[in-house]
Amino acid sequence: MPLRFSSAFFLGGAMKLLVSGTVYAAAAAYVPPYPQNSHNSVVFLDTAVQEGRTWFGTSSTEPIGRVEVELFDDTVPITARNFRELCRGSIDGVYKKAPDGTPLHFKGSVFHRIIPEFMVQGGDITKGNGTGGCSIYGVRFKDESFDGKAGKHKAAGILSMANAGRNTNGSQFFICTVPCAWLDGKHVVFGQVLRGYENVKKIEGYGTPHGKPTKTVMISDCGVLKDTS
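Numbers -29 to -1, 1 to 200, taken from mature numbering (1 follows the signal peptide of the UniProt record, and there is no 0), label the letters of the sequence shown in order.
Among the hints, a few may not be true.
As the list claims (entries may be wrong) - Cut-off 25 Å, straight-line C-alpha distance, at most; resulting in silico cross-link-like pairs (PhoX-like, lysine-lysine): (1) K183 to K197; (2) K197 to K120; (3) K183 to K157; (4) K123 to K113; (5) K197 to K67; (6) K113 to K98; (7) K68 to K113.
Rather than coming from a laboratory, the hints here were simulated on the basis of the structure.
The whole structure should be built from the sequences, with the hints applied where relevant.
Shown next as structure tokens:
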């Protein structure tokens, strides 16, 4: 007897193909906003989505993929160092913690706010919901600069500091998926996606208009590929 498939099955499959096609089309067209500066540091974020529970009651995760980021050490070295060491998980070889005891490390943190055709936001290493975070310099640090690259959300792939107003930078950040000129001069731009932009678009696919992700998307691993030189 032949297998029967509902129209919903075909529609779901068609939608997945459509979304996949859109993701890879965007990735194929992606060019980093700025030429890479070979002296700047490069970090990586390995991302994954929680798909449910295993037979043993633990969370099951499905890899999304790696995002490689150039940090703008040439324009905002203080902000770039904060992000780099949060990716590394140690500062000058010392493993440090936030005041609440949370390790200063992006590994295991989530993208708590995802808005399609805008940005994906993560880095709240203490609360995980957008109300927390902590920098390597203390809970908060000042806006370093809005000059040049540091003040321009000119294209998709830009990384910028999330904040609660002037001089309130911590560990939260966002990656633009469209140009966001209205944020210029309000959030410090500190990096750009070099490779893996298709994975940013996959993360964006778990977003909603109000920002609450449809699934838990996390940074499963992270680190430094190249230190500043």
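Evaluation of the provided hints:
1. This hinted pair does not check out: K183 and K197 have alpha carbons roughly 33 Å apart, beyond 25 Å.
2. Straight-line distance between C-alpha atoms of K197 and K120 comes to about 21 Å, which keeps the hinted pair within the 25 Å bound.
3. With a CA separation close to 23 Å, the supplied pair K183 and K157 stays within the 25 Å bound.
4. Between K123 and K113 the alpha-carbon distance is near 18 Å, which keeps this suggested pair within the 25 Å criterion.
5. Straight-line distance between C-alpha atoms of K197 and K67 comes to about 21 Å, which keeps the hinted pair within the 25 Å bound.
6. The suggested pairing of K113 with K98 holds, with an alpha-carbon distance near 21 Å, which does not exceed 25 Å.
7. As the CA atoms of K68 and K113 are separated by approximately 20 Å, the hinted pair is consistent with the 25 Å bound.
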